[in-house]
Structures are given as structure tokens and as C-alpha cells.
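Number of protein chains: 2
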Amino acid sequence: MASLYRSSLRLRSVARLPAARALSTTAQLRAAEKPYFPDEPTAPTVATAIPGPKNKAAMAELDKVFDVRSLNMLTDYTKSIGNYIADLDGNVLLDVYAQIASIPVGYNNPHLLEVAKSPEMATSLINRPALGNFPSADWSHILKTGILKVAPKGLDQVFTAMAGSDANETAYKAAFMYYRQMQRGGPEKEFTEEELQTTMMNQSPGSPQLSILSFKSAFHGRLFGSLSTTRSKAIHKMDIPAFDWPQASFPSLKYPLEEHVQENAQEEQRCLQEVERLIKEFHNPVAAVVVEPIQSEGGDNHASPAFFQGLREITKRNNVLFIVDEVQTGVGATGKFWAHDHWNLQTPPDIVTFSKKAQTAGYYYGNPALRPNKPYRQFNTWMGDPARALIFRGIIEEIERLKLVENTAATGDYLYAGLERLAKQYPEHLQSLRGKGQGTFIAWDTPKRDEFLVKAKGVGVNIGGSGQSAVRLRPMLIFQKHHADILLESVEKIIKQL
Amino acid sequence: MASLYRSSLRLRSVARLPAARALSTTAQLRAAEKPYFPDEPTAPTVATAIPGPKNKAAMAELDKVFDVRSLNMLTDYTKSIGNYIADLDGNVLLDVYAQIASIPVGYNNPHLLEVAKSPEMATSLINRPALGNFPSADWSHILKTGILKVAPKGLDQVFTAMAGSDANETAYKAAFMYYRQMQRGGPEKEFTEEELQTTMMNQSPGSPQLSILSFKSAFHGRLFGSLSTTRSKAIHKMDIPAFDWPQASFPSLKYPLEEHVQENAQEEQRCLQEVERLIKEFHNPVAAVVVEPIQSEGGDNHASPAFFQGLREITKRNNVLFIVDEVQTGVGATGKFWAHDHWNLQTPPDIVTFSKKAQTAGYYYGNPALRPNKPYRQFNTWMGDPARALIFRGIIEEIERLKLVENTAATGDYLYAGLERLAKQYPEHLQSLRGKGQGTFIAWDTPKRDEFLVKAKGVGVNIGGSGQSAVRLRPMLIFQKHHADILLESVEKIIKQL
Chain A
38 MASLYRSSLR LRSVARLPAA RALSTTAQLR AAEKPYFPDE PTAPTVATAI PGPKNKAAMA
98 ELDKVFDVRS LNMLTDYTKS IGNYIADLDG NVLLDVYAQI ASIPVGYNNP HLLEVAKSPE
158 MATSLINRPA LGNFPSADWS HILKTGILKV APKGLDQVFT AMAGSDANET AYKAAFMYYR
218 QMQRGGPEKE FTEEELQTTM MNQSPGSPQL SILSFKSAFH GRLFGSLSTT RSKAIHKMDI
278 PAFDWPQASF PSLKYPLEEH VQENAQEEQR CLQEVERLIK EFHNPVAAVV VEPIQSEGGD
338 NHASPAFFQG LREITKRNNV LFIVDEVQTG VGATGKFWAH DHWNLQTPPD IVTFSKKAQT
398 AGYYYGNPAL RPNKPYRQFN TWMGDPARAL IFRGIIEEIE RLKLVENTAA TGDYLYAGLE
458 RLAKQYPEHL QSLRGKGQGT FIAWDTPKRD EFLVKAKGVG VNIGGSGQSA VRLRPMLIFQ
518 KHHADILLES VEKIIKQL
Chain B
38 MASLYRSSLR LRSVARLPAA RALSTTAQLR AAEKPYFPDE PTAPTVATAI PGPKNKAAMA
98 ELDKVFDVRS LNMLTDYTKS IGNYIADLDG NVLLDVYAQI ASIPVGYNNP HLLEVAKSPE
158 MATSLINRPA LGNFPSADWS HILKTGILKV APKGLDQVFT AMAGSDANET AYKAAFMYYR
218 QMQRGGPEKE FTEEELQTTM MNQSPGSPQL SILSFKSAFH GRLFGSLSTT RSKAIHKMDI
278 PAFDWPQASF PSLKYPLEEH VQENAQEEQR CLQEVERLIK EFHNPVAAVV VEPIQSEGGD
338 NHASPAFFQG LREITKRNNV LFIVDEVQTG VGATGKFWAH DHWNLQTPPD IVTFSKKAQT
398 AGYYYGNPAL RPNKPYRQFN TWMGDPARAL IFRGIIEEIE RLKLVENTAA TGDYLYAGLE
458 RLAKQYPEHL QSLRGKGQGT FIAWDTPKRD EFLVKAKGVG VNIGGSGQSA VRLRPMLIFQ
518 KHHADILLES VEKIIKQL
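Just so you know, the sequences run in chain order A and B. Numbering of the first sequence is given in my numbering, commencing with residue 38 and proceeding in unit increments. Numbering of the second sequence is given in my numbering, commencing with residue 38 and proceeding in unit increments.
No wet-lab data here; the hints were simulated from the structure. Treat the hints with care, since some could be wrong.
Note that the list lumps identical chains together, so a pair holds whenever it fits in one copy or between two copies.
Stated by the list, open to error - Calculated lysine-lysine pairs in the DSS-like style (CA-CA distance at most 27 Å, straight line):
id, residue 1, residue 2
1, K461, K492
2, K353, K154
3, K91, K181
4, K492, K181
5, K518, K533
6, K411, K492
Throw the hints in and build the complete structure from the sequences for me.
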């Protein structure tokens with residue numbers, strides 16, 4: 038019954054939608070496409086209204102002990118597979134949200150299952166080390182064959198963390214320590230008595246009034262330091278004390294980028310000038326600039342390689358660190374392993390932070406002076422989780438084996454082309470399409486965004502938004518052209534319902 | 038050879054040490070004691086100087102990519118068992134530091150191994166959910182049979198986190214939101230336009246200049262908010278911007294507590310008055326007071342139940358929240374499941390944070406008003422890790438099965454009595470012994486503390502310090518009287534070498 042339903046849903050879509058028919062020029066190619074998950078459904082199943090009755094009952098039960106107001110759906114992970122997420126009521130949706138952009142190689146990926154069942158994993162789970170004090174004998178090997186195997190060019194060292202927020206915050210801490218070390222005149226300079234005393238009172242000079250410069254609409258996390266650099270939405274920040282740190286304008290570009298080259302370049306220039314002015318003039322000296330390659334939570338805002346090259350130059354010229362937050366963009370989603378690989382920088386960023394699709398977190402760096410001058414300055418009990426580091430290694434193996442970065446680049450181009458066609462057909466519903474050449478990291482604006490996202494579930498797609506009015510696509514790296522076809526058909530169906 | 042060495046080491050110690058002989062009155066009891074880990078070594082093995090040659094070589098290799106200056110020893114977790122930690126050179130030490138107080142039920146605990154190998158664990162590892170959006174269908178069940186099964190009295194809800202720092206910081210965020218909600222006059226009151234605008238600029242009133250009051254010598258973590266409440270050591274805080282938040286004196290008590298009742302009560306009264314004065318007068322209004330039941334990193338500083346009862350009264354009277362940080366004291370180490378169970382409070386703390394021996398983290402609360410008034414205000418992508426929540430559930434099962442809290446209370450009393458005898462014999466080396474009736478959460482001051490800790494390894498014991506001059510004991514919950522005997526013998530051996 039369920040499979041009959043799936044077939045008819047699929048056939049009906051294809052029969053109905055002109056955009057989908059237009060895509061059939063690539064039908065042969067798609068037919069030849071080898072699926073990464075042979076057991077994956079061939080189409081979504083929508084069995085009930087979403088949330089269905091079982092979901093609602095389970096939500097009410099969970100609500101007694103755990104805040105469920107942000108809950109999307111209670112998930113049956115045992116039935117989720119590849120790109121498809123299953124709920125309690127028998128609904129199986131094509132998932133292009135992927136746990137807020139954090140699932141890289143598919144639900145119940147067989148290789149990750151092997152990793153999860155390995156003796157190494159078991160010992161990591163039950164003998165969790167304080168990594169700074171008692172790392173396992175093979176920690177160096179795990180790093181080199183995993184996290185560091187994919188280290189950004191020029192950055193060969195890592196500090197491991199738990200999630201995006203503390204990855205960024207420990208990076209900021211490294212930047213502040215480095216900045217003060219430069220001011221003191223080197224790592225061998227001792228702290229003064231005044232510094233030692235004032236820091237215990239949270240006062241300058243020991244706890245200096247330095248700052249991190251971030252951009253308007255940026256998102257870098259939700260703890261106190263990272264939240265002070267987050268500027269995406271008031272609801273994230275309201276009522277929480279924040280540091281007096283500066284924000285610069287992020288370029289507000291017109292899309293498609295290739296049709297607005299000159300005015301976009303001017304806008305980027307304006308923003309770069311603002312950055313440099315803030316670095317020179319802001320009352321709390323700037324130790325580092327932090328930026329996302331594509332502002333993600335803030336609405337999928339892009340900028341050109343020239344903009345980021347400019348940031349690199351300005352930070353270098355002014356002796357402040359350049360931190361690239363690749364928490365959402367990293368690990369293949371933009372069609373390169375790191376989004377900043379698109380920029381062709383002359384010198385690498387000073388620090389690159391990662392999390393989400395890595396399933397663990399931390400920051401990469403290259404300059405040895407970014408190790409604080411004394412031990413225990415950058416330290417905490419767990420400093421990450423070796424169990425999750427093993428999962429990241431498995432993810433890297435899977436990405437390499439299946440060439441998933443290349444897949445994402447190619448699928449992204451295919452998907453983008455399909456969306457371009459839809460944008461021409463439905464210009465009022467598909468505005469400012471963006472992410473060309475950026476893998477599947479694609480978004481557009483639509484006036485009835487929230488309604489769009491709700492209706493998406495009704496046609497079998499789990500999809501997220503960003504900013505105020507953007508639909509953002511964050512499929513996994515195993516998202517293929519035949520999935521793109523289903524997504525394109527679904528987008529058109531949703532538009533027709535609006 | 039190794040086992041011969043172990044036997045001779047053991048025999049030699051027993052033969053040599055008067056304190057150990059003094060303990061032989063309990064020999065019969067110990068002989069009858071059933072070991073939790075039958076395969077555990079019966080004594081430490083010291084095979085080389087520590088660090089040995091293999092350790093040194095591996096450290097040099099790791100140092101190329103990972104800061105190793107805080108490294109204690111590279112550990113062979115496959116050979117560590119129960120209370121014993123093994124290094125690369127064949128040294129097997131009795132571990133009373135336990136990964137900075139975070140291993141609860143022994144290395145390679147067989148029950149945890151079962152949990153690690155379960156299908157539930159595999160799916161949690163490879164399908165990591167965004168818990169606020171897509172929790173697994175059994176998340177409610179996992180919480181109720183795990184984390185919430187041991188919830189402190191009166192606190193029946195949980196927000197899950199990753200480690201101690203973000204557990205505390207999210208608790209602080211909850212406190213700030215609650216405080217402002219009270220000021221506004223209730224959860225239904227909307228934010229003003231001014232608040233919405235100012236918070237985007239990190240300015241008041243949207244980002245208000247509120248504070249968390251903590252205590253001198255406190256340790257609550259190392260991220261920006263938690264670090265602003267940490268007051269243990271300058272090296273933790275130096276160069277990192279901090280919030281202008283108040284610190285009160287923590288009672289500086291004289292030990293043994295029962296011999297200085299009156300002057301200690303006066304000292305506690307002085308500190309309580311300071312707390313209340315700061316709440317009333319500090320220029321950045323206090324939203325919450327955070328306190329450790331026993332200041333751990335800060336030097337194992339104790340206070341009486343009366344002091345904490347006083348704190349509860351003061352915070353209640355002044356409408357500020359009372360947050361108890363049980364990151365290090367929680368999960369059985371003090372001979373009760375939560376250290377604040379020792380206080381017999383009339384009303385429970387508003388928030389209790391946990392991590393370390395829980396192997397996961399978060400905060401408990403009871404008052405529904407501590408759920409922020411809108412969704413997504415307390416939120417992040419992962420919100421903890423279900424894999425680690427399963428491990429905590431396994432730990433709870435093991436604690437219940439083996440009655441490990443009771444064991445820790447009894448072993449603690451036994452160990453404390455032995456240390457009291459040693460303190461009488463070596464008063465210059467064993468000062469201010471503290472932790473009576475607090476399970477194995479025992480410490481003392483010694484003038485040559487750092488030398489003591491180094492020499493401990495030479496006699497086969499891995500042991501840590503806290504504060505400037507304290508030796509702190511943080512054995513696991515499976516630490517038994519026969520382990521206490523070895524520890525007591527070792528302490529005496531070390532003292533004789535100083």
C-alpha cells in the first residue's frame with residue numbers, strides 16, 4: 038500500500054508539472070546514475086497530515102520534561118535511510134534540511150555503522166579521556182587519518198571542541214591571547230602583577246576590553262562570546278548580556294551575481310572600508326575578524342572571492358586575525374571541501390572553525406604562535422569527544438570513496454539549473470536565487486516563506502528556512518540528480534498551492 | 038614478571054609501613070570484600086620512570102599537531118581496567134584522578150561495553166539528531182529511564198548540553214531570560230521595539246547589563262560567560278574579555294570542621310552577608326547566584342549545610358535564582374547522588390547543572406517559568422548527544438545495581454579514617470584534611486604539593502591536585518576499601534620520600 042502510494046505520487050508529479058518535464062532532457066543521465074543507497078525509497082511517502090496522530094501524542098509526552106516548542110517531527114531513525122527521514126506515522130520525507138545541515142553521508146550509512154560497531158568506538162565511548170591530560174595512545178593517529186587529513190591548506194594543527202559555539206569561542210580565546218602576546222612583545226614576556234590581580238576581578242588590563250568584529254546578520258553560536266558575534270535575529274540575543282563588540286555591514290548583493298557585477302563590487306568595497314575603519318577606530322580594539330563564507334542562519338547571504346580576499350588583506354595589514362567560521366559551509370556542501378577553497382587566498386585564514394557535518398568540532402590553525410604561551414590556558418576536561426572524532430574519520434572515508442564533494446558540485450549545478458528554470462516560470466515565488474557554483478548550498482527568497490516550508494512536508498519534502506524570507510537547501514553530500522528531480526517537482530507543486 | 042613485581046611491591050609496602058599495618062584491623066573485612074572488577078590488578082605496576090620511553094616518543098609525535106604541554110600520560114585504554122589506568126610503557130597505576138573526576142564506573146566497565154555495542158547506540162552515533170527539532174521517537178524514554186531518573190528532588194525537567202561550560206552558560210541564559218520576564222511582568226509581555234533594536238547592537242536594554250554572582254576561587258568553566266564566573270586561577274582567565282560581574286567571598290573554613298564550629302559559622306555568616314549586600318548593591322543587577330557544593334578546582338573548599346541553606350534563603354528573599362553547579366560533585370562522588378542532598382533544603386535549587394561523571398551534560402529545573410517564553414530562545418543544533426545520554430543511562434544502571442553511592446559513602450569513611458591517622462603521624466605533610474562524610478571527595482594541603490603528585494606516579498598512583506596546595510582525591514565510584522588500603526600505603530610512601 039505504502040509503495041503503491043509512493044509510485045502514484047511520483048507518477049502524478051511527473052505527469053503534472055511542466056518544469057519537471059523540462060528536466061527530462063537529462064533523463065538518460067539520471068537513469069544511468071548509480072544510487073549510493075540502493076535501499077533508499079524512490080520517492081517520498083506522505084501517509085498522514087504532518088504531524089500525524091502518533092507524533093502528536095509523543096510530543097505531548099515529551100513536552101512534560103523537555104521543551105518541544107521548536108520540535109519539527111519526532112523521528113524514527115531506524116526507518117530513515119540515505120536522504121529520507123521517517124516519522125512515527127509512516128511519513129517518509131526527502132530530507133534537504135538534514136538536521137540543520139549536519140548529516141553528511143545519509144541516515145544509516147553502512148560504513149558509519151561499521152565504525153559505530155568497531156572495538157575502537159566501544160573503547161572511546163566507555164573510556165572517555167580528558168584529552169588534554171590522558172589522550173589515548175592512538176589519538177595522534179586518529180587525528181592524522183581523520184580531522185587533520187582534511188585540514189585546510191596551510192593549517193596543520195587542531196584544537197578539538199564539542200560543537201560550533203565552543204569551537205568559535207575557543208578560537209576567539211586563542212585570538213585574544215595572541216593579540217595580547219603581540220602587545221607584550223612575545224611569548225616569553227611574563228604577566229604583570231597588575232594583570233594577575235585585575236583578571237581575577239574581570240577587569241582590564243588582565244581581562245582586557247578587546248573585541249571580535251563580526252558582520253551584520255552573522256551567526257556564530259549562542260554561548261556568551263559567540264552570541265556577542267551573532268547578529269542574525271533578536272530572538273537569539275534578547276535578554277542575554279553581550280560584549281561591546283563591533284559589527285560591520287555584510288555585502289547586500291543583488292542576484293544573480295553575474296548580472297550585477299559592478300554594483301555588487303561597489304557594495305563589497307563599501308563593506309570592506311567599513312571593516313577597516315572599525316578595526317582602526319572601534320573603542321574596544323579588534324583582535325580578530327570572524328566571517329562565514331556564506332551567511333547561513335542570517336539568510337544565505339553570499340559575497341565574492343574578491344570580498345574575502347579583501348578581508349584577508351585588511352586583517353593582515355592591521356595585524357588582526359582572520360577567522361573563517363566553516364561550521365555550516367564546511368565538509369563539502371559548497372562543492373569544495375571547505376567553502377573558502379573557492380577564494381584562492383594568497384595566505385590562508387589564521388583560524389578555520391568546523392562542526393555540523395564533521396559531527397565533531399574544533400578549530401584549525403597553522404601559526405605555532407597561536408598555541409598559548411603556557412599550558413592550561415586553552416584547556417577543558419574533555420576537549421571534544423574521540424567517539425565523534427572516529428565518526429568524522431568514517432565520514433571522510435565515505436566522502437573520498439564515493440567522491441561526494443565532486444558529486445555535490447555536479448548535483449548542485451544540475452539543481453541550480455532546474456531552479457533557474459523554475460525562477461523564470463514563477464518569478465514572484467522564486468526570487469534572488471543564489472548559490473550558483475556553490476554545490477547544493479542554494480537558497481532563494483519567497484514572500485510566503487513559512488507557508489512554503491509547511492506545505493513542503495505535505496508534498497513529501499523536509500526543508501528549512503534561513504533569515505526572514507529565504508528557503509535554504511541543505512541536502513546531504515549523497516544528494517543525487519534523481520533526488521534533485523524530486524525536489525524540483527516538489528518545489529513547483531508547493532508554489533502551485535500558495 | 039609484571040605480576041611478580043606487583044606482588045613484591047605490595048608485600049614490601051605492607052611490611053614497611055606502620056600506617057598500613059595499623060589498618061590491618063580491618064583486614065578481615067577487606068578479605069571479604071567482593072571486588073567489582075574481578076580481573077582488576079591487585080596492585081599497581083611501575084615498570085619504568087614515568088613518562089617512559091614509549092610515552093615520550095608518542096608525545097613528541099602528537100605534539101606536532103596537538104598541544105601536549107598539559108599532557109599527563111598517553112594512555113592505553115585497552116589495557117586499563119576498573120580503577121587502574123595503563124600507559125604505553127607497561128605502567129599500570131591506581132587512578133584516583135579518573136580523567137579529572139569524570140570516570141564513574143571504571144575503565145572498560147562490562148555493562149557500559151554492552152551499552153556501547155547496542156543497536157540503540159549505533160543508531161545514535163550515525164544518525165545524530167538536532168534534538169530540538171528532530172528528536173528520536175524514544176528520546177522521551179531515554180530521558181525518563183536515564184538523565185531524569187536521577188533528577189534532583191523537585192526538578193523534573195532538563196535542558197541537555199555537551200559539557201560543563203555550556204551546561205552552566207545555558208543555565209545562566211535561562212536565568213537572564215527569567216529575570217527580564219519578571220521585570221516585564223510575565224511571559225506574555227512582548228519585547229519593545231527598543232529592546233529588539235538594541236540587542237542587535239549588543240546594547241541595553243535588549244542586551245541588558247545583568248550579572249551572575251559567583252564566589253572567589255570558584256570554577257564554572259572556560260567559555261566567555263562561564264569564565265566570567267570562574268575565579269580560581271589567573272592563568273584560566275588572563276587576556277580573555279570578561280563581564281563585569283560580582284564575586285563574593287567563599288567561606289574560608291578551618292579543618293577539621295567539627296573542631297572549629299563557632300568560628301566557621303561566623304565566617305559563613307560574613308560571606309552570606311556579603312552575598313546579600315552584593316545582590317542589593319552591585320551596579321549590574323544579579324539574576325542568579327551560582328555555587329559549587331564543594332569548590333573543586335579552587336582547592337577543595339567546603340562549607341556547611343547551614344551556609345547553603347542561607348544562600349537558598351537569601352536568593353529566594355531577593356528574587357534571584359539559585360544555581361548549584363554539580364559538574365564535579367554530582368553523580369555519587371560525595372556519598373549522595375547529588376552533593377546538595379547533604380543540605381536538606383526546604384526548597385530545592387532553581388537549577389542544578391551536571392556533566393563529568395554523567396558523561397553528558399545539561400541542567401535540571403522544576404519551575405516551568407524557566408522555559409523561555411518563546412521557542413528557539415534556548416536552542417542550538419545538537420543540544421547534547423543522545424549517544425552520551427545512553428552512556429549516562431548505563432552508568433545509572435550500574436550505580437543502582439552495585440549500590441555504588443552507598444559504596445562511595447562507606448569507602449569514603451574508611452579512607453578518611455585512614456588519612457586522619459596519617460595526618461596525626463605526619464602533620465607537616467597532611468594538613469587541613471577535609472571531606473569527612475563526603476564520600477571519597479577528600480583533600481588535604483601539603484607544602485610540596487607538586488612534588489607529591491609527581492612522586493605519586495613513582496609509587497603507582499595517579500593523583501591530582503586542586504587550588505595552590507591541595508591534593509585532591511577523585512576516585513571512581515567503584516573504589517573499594519582494598520583500593521583505599523593501597524592508596525593509604527602509597528601516601529605514606531610518598532611522604533617518606535619528600
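Going through the hints against the structure:
| no. | hint | result |
| --- | --- | --- |
| 1 | K461 - K492 | within (21 Å within a copy, 76 Å between copies) |
| 2 | K353 - K154 | neither (46 Å within a copy, 49 Å between copies) |
| 3 | K91 - K181 | between (45 Å within a copy, 19 Å between copies) |
| 4 | K492 - K181 | neither (45 Å within a copy, 34 Å between copies) |
| 5 | K518 - K533 | within (23 Å within a copy, 74 Å between copies) |
| 6 | K411 - K492 | between (55 Å within a copy, 23 Å between copies) |
In summary, the structure is inconsistent with hints 2, 4 from the numbered list given earlier, while agreeing with the others.
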